[in-house]
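*Asks:* Top line first, the protein sequences correspond to chains A and B.
With my numbering, letter number 50 in the first sequence gets 971, and the count goes up by one each step, no holes.
With my numbering, letter number 30 in the second sequence gets 951, and the count goes up by one each step, no holes.
Warning: the hint list may mix true and false statements.
Copies of the same chain look alike in the list, so a pair counts if it works inside one copy or between any two.
Derived SDA-like pairs (lysine to any residue); straight-line CA-CA distance at most 25 Å [unchecked claim]:
#1 945 <-> 1095
#2 945 <-> 1048
#3 945 <-> 927
#4 945 <-> 1094
#5 945 <-> 960
#6 945 <-> 959
Hints in this document: simulated from the structure, not taken from any laboratory.
In this text the structure is predicted, and so the values were computed from the model without any measurement.
Spelled out, the chains give:
There are 2 protein chains.
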Amino acid sequence: MNVYSPRLSRLIDALRRLPGVGPKSAQRMAFHLLDRDRNAARSLAQALGESLDHIGRCPSCRMFCEDEACRYCSAARTASGQLCVVEGPADLMAIEGGTSYRGRYFVLMGRLSPLDGIGPDELGLDLLQSQLASGDFNELIIATNPTVEGEATAHYLAEMARAQNVAVSRIAHGVPMGGELEYVDGGTLAHALSGRRPV
Amino acid sequence: MNVYSPRLSRLIDALRRLPGVGPKSAQRMAFHLLDRDRNAARSLAQALGESLDHIGRCPSCRMFCEDEACRYCSAARTASGQLCVVEGPADLMAIEGGTSYRGRYFVLMGRLSPLDGIGPDELGLDLLQSQLASGDFNELIIATNPTVEGEATAHYLAEMARAQNVAVSRIAHGVPMGGELEYVDGGTLAHALSGRRPV
Ligand SMILES: [Zn+2]
Ligand SMILES: [Zn+2]
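Sequences and hints are given; from them, build the entire structure.
*Replies:* Shown next, in the form of structure tokens:
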């Protein structure tokens, strides 16, 4: 096989560990950084170092957090009495950026997936349990993804909330606003039909 | 729009500067590194720093090079009298790994592309010129890609070599070994037909 010089090999190997990056892309990235954009390489090295040193997880909501006080766990948000559970940071950002919801969040950083060894412990559900038991919240909004695993997770979370007498809701799934029926997949359409409401 | 905390935003921005990485992939990469694989993040930061500090270009062949003496510019290789021009480092590695060629190389790090501002200066052709004039070489093997720009570059290089009385050859293009005619694109097939040889 092709063997690059030691440092170049190490760089290509390190780039390959990024999700979605295969051997060819890793090579192309390494050449681009070394040949075309050394500033980008420098910025990336620096951003990685800084992030590793300063970005942790919020002890309450598990979102990535740089400061002592998580911006998503303020007293004002807690006062809303609402707690929204999402699978990942991007989901939190989508709700925060696309809706007017300003309650608290809980970021699972995954979904229940027994086959992959992801159970309640991996998702911090003991922490969620204590928050549900605290009396701070009167509604748990479940915003896990509408996949098989997301639905199983939602079911599990709903049971947890009910056991603490916290009301449970699930965000609605169906035909996207502006979507045309003929372009919507069958599963979504079936879900939309069975979830129909009287008007 | 969604706004992440400052360091996380910087990390996502830095990842976006990698070729082929859009906003969604950059986000996914950042979350993966921070949440799942901090070792990979550490390795990448380190590999980038090391590479920037130690990887340069060989002053003779323009290949990436870490040491004083480029492994592709040895006296034994020069003694072959052959100089093979390729567009990029991956091309050099492909020839080195897939063939028994052990002559010298010259890596253009690009191809002539006047519209993109890439002319002879950007490809180090003055350096190639002096090597052709040195008397060290009796054959210039042109292995640029069979694209419009690669062909134009090949033509330009051939003229340079002829002016120095260095024999010129171009690697063969046609139907790949083991390829089936019906699956080969029309351009390749036309090239293969017009380049036919008596048997
Ligand atoms: Zn928080
Ligand atoms: Zn060299």
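*Asks:* Compare the structure with each hint and give your call.
*Replies:* The hints, checked one at a time:
Within a single copy, residue 945 and residue 1095 get their C-alpha atoms only as close as 39 Å, which misses the 25 Å cut-off; across copies the closest is 23 Å, which meets it. In this homomeric assembly, residue 945 and residue 1048 never come within 25 Å of each other (Cα to Cα): the closest approach is 42 Å inside a single copy and 29 Å across copies. For the identical chains of this complex, residue 945 and residue 927 are intra-copy neighbours only, at 18 Å inside a copy versus 31 Å across copies, given an alpha-carbon limit of 25 Å. In this homomeric assembly, residue 945 and residue 1094 come within 25 Å of each other (Cα to Cα) only across copies, at 22 Å, whereas the closest approach inside a single copy is 38 Å.
Proximity of residue 945 and residue 960 under a CA criterion of 25 Å is satisfied in both settings, with 22 Å inside one chain copy and 22 Å between copies. Both within a single protomer and between protomers do residue 945 and residue 959 lie at most 25 Å apart by alpha-carbon distance, with minima of 20 Å and 23 Å respectively.
Consistency with the previously given hints fails for number 2 only.
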